[in-house]
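Participant: Please model the entire structure based on the sequences and the hints provided.
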Amino acid sequence: MMGRLLLAMFVSLMSLPLWADEVVGPHVQGETFEYTTGGQTYKGYLAYNASDDQPRPGVLLVHEWWGLNDYIKQRADQLAALGFVALAVDMYGDGKVAQHPDDAKAFSSQVMQDWPAARARLDAALAALRQHPAVDGEHIAAMGYCFGGGVVMNMALAGMPIDAAISFHGSPTQAVSQPQPFDGLVRIYNGQDDPLVDKQALADMAATLEKDGAKVRVVEYPGATHAFTNPGADALAKEFDLPLGYNAAADAASWQAALLTLDKTLNQ
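Under mature numbering (1 follows the signal peptide of the UniProt record, and there is no 0), the letters of the sequence shown match residues -20 to -1, 1 to 248, in that order.
It is worth saying that the hints were derived from the structure and are not from the lab. Model, not experiment: these values are computed from the prediction. Glycine included, C-beta positions come from ideal geometry on N, C-alpha and C. Among the hints, erroneous ones may be present.
Below 20 Å or equal to it, Euclidean Cα-Cα: the simulated DMTMM-like pairs (lysine to aspartate or glutamate) are [said to hold, decoys possible]:
(1) K191 / D173
(2) K218 / D82
(3) K76 / E118
(4) K179 / E190
(5) K85 / E118
(6) K23 / D74
(7) K195 / D173
(8) K244 / D163
(9) K244 / E219
(10) K23 / D33
(11) K76 / D163
(12) K195 / D116
(13) K53 / D94
(14) K244 / E118
(15) K218 / D173
(16) K76 / E11
(17) K191 / D143
(18) K218 / D83
(19) K76 / D94
Now the in silico label distances, taken between C-beta atoms and shown as ranges [claimed, not checked]:
(20) H112 / V77: 35 to 45 Å
(21) D50 / K218: 13 to 23 Å
(22) D192 / D50: 30 to 40 Å
(23) E190 / A30: 15 to 25 Å
(24) P81 / D116: 12 to 22 Å
(25) Q158 / S89: 28 to 38 Å
Facilitator: Here you go:
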């Protein structure tokens, strides 16, 4: 697996941006993946390598505040091409996607202000992922972007059963009122120039996680701002006057670091 992973990492690094079809490959299968909790149906997106007949490690992906859009599905496809089974979760219900920042803020705030309900959605998604026949349920990590980065930090803070939590430009809001022990890896990749991430709140989050046993590493990329991993960030910044911006170098560097973390925690 290490050889396949390093080869794919080399290809993705040498063909920036990371969105070329050849990086995904011909055997990736993506499909709507429904699960329920609290009487509500959630429509996630499951991606896996259809040519692999052995159970593979799973990665739970949590979307930006916009919802389960094409961007997070593409990330799931990329992970599937590397041999993981990736489930991009639906945190808003029925696959809802915000079309305006006001709606995105309302949707994401509602989730973060009710952690028990958010936890129930994540538990349901994790259970469904573990039970999938393509998944090695003993090896699961969580990865999130923006709002989703904050969610996966809180998953670690809550001591949820994952091996690693990886955040990209995540919001370090502590939604968990009673932190629990977590001995996995936490990796937080942020833009050094991101005005939407409170540095003191991030330091507090990292300190709390470390106190509870997590192995935390925070990396800040010079010149990168919010949403630096999303090739659509520049268009969103222009349309809605938001401090967003794609940074290809930071995207590539954080992606390679995340893949090494996944390999270290899930393929040993």
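Participant: Taking the hints in turn, state whether each one holds.
Facilitator: Okay, the hints, checked on the actual structure:
| no. | hint | verdict |
| --- | --- | --- |
| 1 | K191 / D173 | violated, 27 Å |
| 2 | K218 / D82 | holds, 16 Å |
| 3 | K76 / E118 | violated, 30 Å |
| 4 | K179 / E190 | holds, 16 Å |
| 5 | K85 / E118 | violated, 34 Å |
| 6 | K23 / D74 | holds, 5 Å |
| 7 | K195 / D173 | violated, 24 Å |
| 8 | K244 / D163 | holds, 14 Å |
| 9 | K244 / E219 | violated, 39 Å |
| 10 | K23 / D33 | violated, 25 Å |
| 11 | K76 / D163 | violated, 33 Å |
| 12 | K195 / D116 | violated, 23 Å |
| 13 | K53 / D94 | violated, 25 Å |
| 14 | K244 / E118 | holds, 14 Å |
| 15 | K218 / D173 | holds, 18 Å |
| 16 | K76 / E11 | holds, 16 Å |
| 17 | K191 / D143 | holds, 17 Å |
| 18 | K218 / D83 | holds, 18 Å |
| 19 | K76 / D94 | holds, 18 Å |
| 20 | H112 / V77: 35 to 45 Å | violated, 24 Å |
| 21 | D50 / K218: 13 to 23 Å | holds, 18 Å |
| 22 | D192 / D50: 30 to 40 Å | holds, 35 Å |
| 23 | E190 / A30: 15 to 25 Å | violated, 40 Å |
| 24 | P81 / D116: 12 to 22 Å | violated, 38 Å |
| 25 | Q158 / S89: 28 to 38 Å | violated, 21 Å |
Going down the numbered hints, you'll see the structure goes against 1, 3, 5, 7, 9, 10, 11, 12, 13, 20, 23, 24, 25, while the others check out.
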